[in-house]
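Asks: The primary structure of each chain is shown beneath.
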Amino acid sequence: MVSSTLRQLSEDEKSQAGQAHGADNVLEVRDLQTVFETQDGTVHAVNNVSFALKPGELLGVVGESGSGKSVSMMSLLKLLPMPPAKILNGEVLFDGRDLLQASEDELRSLRGGDIGFIFQDPMTSLNPVFTVGFQLMEPLRIHMGMNKKQARARAVELLELVGIPSASDRLKDFPHQFSGGMRQRVMIAIALACDPKVLIADEPTTALDVTVQAQIIELVKDLREKLGMAIVWITHDLGVVAGIADRVAVMYGGQIVEYADVDKLYDDPRHPYTRALLKTLPADEGLRMERLVSIPGQAPNLKGPLVACPFAPRCEEAHERCWSANPPLFEVQAGQKSACWLESEDTAGAA
Amino acid sequence: MLFISLVIFLVIKLSPSDPTAGLPLTIPPDVREKIRESLGFNDPFHIQFLLWLKQLVYTEPKFWMNKLWGTDFEVGQRMISYATRSPVMDLVVQRIPQTLWVVGISYIVGILIAVPLGIISAYKQYSIFDQIGTFISMIGFSVPTFFTGVLMILLFSVTLGWFPSIYDTTHEITDWNSFLFQVKQSIMPIMVLGLFNAAQISRYMRASMLENLTQDYVRTARAKGVKERSVVLVHVLRNSMIPVVTVIALNLPSVFGGALITEQVFQVNGLGQLLILAIQGGDVPVVQTVTVIFAVLIVLFSLIADVLYGMLDPRIRYD
Ligand SMILES: Nc1ncnc2c1ncn2[C@@H]1O[C@H](COP(=O)(O)OP(=O)(O)OP(=O)(O)O)[C@@H](O)[C@H]1O
Ligand SMILES: [Mg+2]
Numbered sequence: 000m001v002s003s004t005l006r007q008l009s010e011d012e013k014s015q016a017g018q019a020h021g022a023d024n025v026l027e028v029r030d031l032q033t034v035f036e037t038q039d040g041t042v043h044a045v046n047n048v049s050f051a052l053k054p055g056e057l058l059g060v061v062g063e064s065g066s067g068k069s070v071s072m073m074s075l076l077k078l079l080p081m082p083p084a085k086i087l088n089g090e091v092l093f094d095g096r097d098l099l100q101a102s103e104d105e106l107r108s109l110r111g112g113d114i115g116f117i118f119q120d121p122m123t124s125l126n127p128v129f130t131v132g133f134q135l136m137e138p139l140r141i142h143m144g145m146n147k148k149q150a151r152a153r154a155v156e157l158l159e160l161v162g163i164p165s166a167s168d169r170l171k172d173f174p175h176q177f178s179g180g181m182r183q184r185v186m187i188a189i190a191l192a193c194d195p196k197v198l199i200a201d202e203p204t205t206a207l208d209v210t211v212q213a214q215i216i217e218l219v220k221d222l223r224e225k226l227g228m229a230i231v232w233i234t235h236d237l238g239v240v241a242g243i244a245d246r247v248a249v250m251y252g253g254q255i256v257e258y259a260d261v262d263k264l265y266d267d268p269r270h271p272y273t274r275a276l277l278k279t280l281p282a283d284e285g286l287r288m289e290r291l292v293s294i295p296g297q298a299p300n301l302k303g304p305l306v307a308c309p310f311a312p313r314c315e316e317a318h319e320r321c322w323s324a325n326p327p328l329f330e331v332q333a334g335q336k337s338a339c340w341l342e343s344e345d346t347a348g349a350a
Numbered sequence: 000m001l002f003i004s005l006v007i008f009l010v011i012k013l014s015p016s017d018p019t020a021g022l023p024l025t026i027p028p029d030v031r032e033k034i035r036e037s038l039g040f041n042d043p044f045h046i047q048f049l050l051w052l053k054q055l056v057y058t059e060p061k062f063w064m065n066k067l068w069g070t071d072f073e074v075g076q077r078m079i080s081y082a083t084r085s086p087v088m089d090l091v092v093q094r095i096p097q098t099l100w101v102v103g104i105s106y107i108v109g110i111l112i113a114v115p116l117g118i119i120s121a122y123k124q125y126s127i128f129d130q131i132g133t134f135i136s137m138i139g140f141s142v143p144t145f146f147t148g149v150l151m152i153l154l155f156s157v158t159l160g161w162f163p164s165i166y167d168t169t170h171e172i173t174d175w176n177s178f179l180f181q182v183k184q185s186i187m188p189i190m191v192l193g194l195f196n197a198a199q200i201s202r203y204m205r206a207s208m209l210e211n212l213t214q215d216y217v218r219t220a221r222a223k224g225v226k227e228r229s230v231v232l233v234h235v236l237r238n239s240m241i242p243v244v245t246v247i248a249l250n251l252p253s254v255f256g257g258a259l260i261t262e263q264v265f266q267v268n269g270l271g272q273l274l275i276l277a278i279q280g281g282d283v284p285v286v287q288t289v290t291v292i293f294a295v296l297i298v299l300f301s302l303i304a305d306v307l308y309g310m311l312d313p314r315i316r317y318d
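Protein chains in written order, with numbering that gives the first Met the number 0: chain A, 0 to 350; chain B, 0 to 318.
It is possible that some hints are incorrect.
As the list claims (entries may be wrong) - In silico BS3-like links for lysine-lysine, alpha-carbon gap of 27 angstroms or less:
| # | chain 1 | residue 1 | chain 2 | residue 2 |
| --- | --- | --- | --- | --- |
| 1 | B | K33 | B | K53 |
| 2 | B | K123 | A | K85 |
| 3 | B | K53 | A | K148 |
By construction, these hints were calculated from the structure, which means they are not laboratory data.
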């Protein structure tokens with residue numbers, strides 16, 4: 000019953016989305032808004048975030064620390080501690096179902112199954128008292144209904160896939176017996192375990208050295224083509240994004256300030272923040288940056304709804320209007336949107 | 000260990016107690032003196048101490064080996080209680096079952112109450128359940144057992160007449176009814192001690208669960224689609240038990256201390272009562288031996304705690 004009405008709803012969404020992108024989205028997020036209700040006020044961590052992914056597409060998400068990248072993605076599957084977190088608004092359409100309205104059971108059957116998640120911190124994201132094998136076999140047994148033997152075989156396969164040597168011996172090892180990079184790869188293996196349709200990767204390669212990083216990126220490219228996996232790739236590394244993404248969402252102050260096809264973004268960045276970010280890219284491309292903090296000024300204060308452009312205090316082109324209202328995303332050209340008042344005159348209207 | 004027993008020995012010796020003080024006044028002073036002599040009470044301190052030590056680690060083990068395995072060692076003079084004139088170890092062996100019954104079961108009851116209580120309190124932090132639980136364990140924690148014990152006697156024995164107020168240690172279990180009586184008479188001492196233990200352990204359990212519930216690996220487990228039940232009872236609980244098990248093992252000896260008082264309140268003639276009477280009567284060998292047994296228990300259980308810790312936490316391995 001419920002799912003049929005949801006599907007009904009999705010038909011409309013799809014036709015709308017179809018106009019914009021010309022194909023069915025496997026994941027579509029609209030106007031997502033997440034806050035943290037803390038003792039000293041409400042933190043508006045995610046403000047009206049919208050994006051869409053087709054099968055096999057890769058969306059790169061960039062932005063400095065605290066810009067709300069992780070919180071946005073965790074909101075999709077309600078993986079945040081609630082309270083203090085609260086999703087105030089939005090729709091998360093996966094295969095036509097709104098996940099924010101879905102029951103806990105429905106969500107659980109998607110988590111680790113159709114939607115895989117790689118978390119940011121590999122050092123703490125694995126349970127210290129269970130073997131890596133147990134943790135890797137868990138989703139296989141839950142979602143694929145495998146028995147112990149099948150799950151074991153698949154687990155070995157997965158560890159080999161992410162490049163862990165002598166995989167079958169390492170299944171009985173505990174996380175502390177793995178290095179940071181190895182744990183990161185275990186996390187990736189867990190996320191890929193059940194051939195997800197959507198993979199959300201939160202800085203999946205930060206703990207890895209450049210060669211391993213390249214391997215993982217190759218692996219992901221491969222899986223995208225083979226399985227048609229859609230991927231959200233959060234990173235600080237604009238170089239990586241340029242290489243693998245179809246589209247990029249630049250986040251600032253809990254909102255997407257520029258959302259564009261990858262070539263358009265690099266050729267013609269429209270938001271002043273994106274331009275500042277790209278300026279910080281080392282001339283020698285491929286060099287990794289640790290953090291995108293080399294822009295002068297402070298990160299915005301998110302305690303309260305945004306009433307002005309959050310980037311205005313650090314923006315060289317800020318003018319009166321930037322201080323009085325927060326700009327919506329303007330469609331600059333097909334496949335590129337920017338949330339900057341500078342765009343409001345030369346485009347017909349707000350997107 | 001040796002040092003502990005030496006200190007205890009000196010403390011008791013320095014207190015002006017006389018093992019013959021309890022004897023009838025009609026006994027003439029010279030007989031009194033003879034009794035003292037025969038007990039070795041007039042020997043120098045160090046001789047008395049060494050004799051006691053020899054009896055504890057040499058004579059007694061031989062006696063018990065003879066008794067248990069029918070070996071045929073030469074057994075010298077066994078350790079004798081001043082007050083009762085019977086071998087100290089026989090007294091101890093007589094008293095141990097009562098204490099173990101009360102302490103052991105109350106500890107198990109305590110753990111069985113505390114662990115689920117701690118888990119639920121932590122999972123539903125600040126809920127009504129948690130608040131009531133916190134309140135009750137605060138009371139259990141801060142009100143001494145002799146008070147709760149007397150309160151329970153007043154309520155259940157005097158007012159309601161459900162349970163006997165005095166523990167009958169001569170009671171033997173022969174059939175179902177006598178077993179029921181045993182259960183009935185044990186309920187109050189066990190509950191008093193058990194609630195005290197539960198109050199303590201549930202606090203640790205709650206704190207440990209709360210700490211682990213916010214860890215990143217919990218989110219990973221949820222992101223894998225693990226059922227909420229398994230997230231809490233497998234992933235979080237397994238981690239939370241590490242410090243709690245250690246606390247449980249480390250706390251056990253101090254429960255014997257609590258038993259000391261509870262035994263007194265309910266007149267259970269266990270080890271605790273033996274110790275208290277021996278202290279009052281200046282019965283040095285008994286006091287010595289019982290305290291050393293407690294000391295051994297403390298050391299033993301801290302060792303057990305260490306071993307358990309190593310078993311539960313894979314990050315610690317004694318290779
Ligand atoms: N539990 C919480 N309580 C209050 N505020 C929080 C909580 N978790 C996150 N936030 C706030 O949400 C905002 C977004 O955090 P988020 O982790 O999404 O940043 P991020 O873009 O992923 O940064 P990084 O690049 O460092 O991972 C931050 O301002 C942070 O302070
Ligand atoms: Mg993050």
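Asks: A separate judgement is required for each hint: does it hold in the structure or not?
Replies: Structure-based check of each hint:
no.: 1; hint: B:K33 to B:K53; in the structure: 23 angstroms, holds
no.: 2; hint: B:K123 to A:K85; in the structure: 18 angstroms, holds
no.: 3; hint: B:K53 to A:K148; in the structure: 60 angstroms, violated
Of the numbered hints given earlier, the model fails hint 3 alone.
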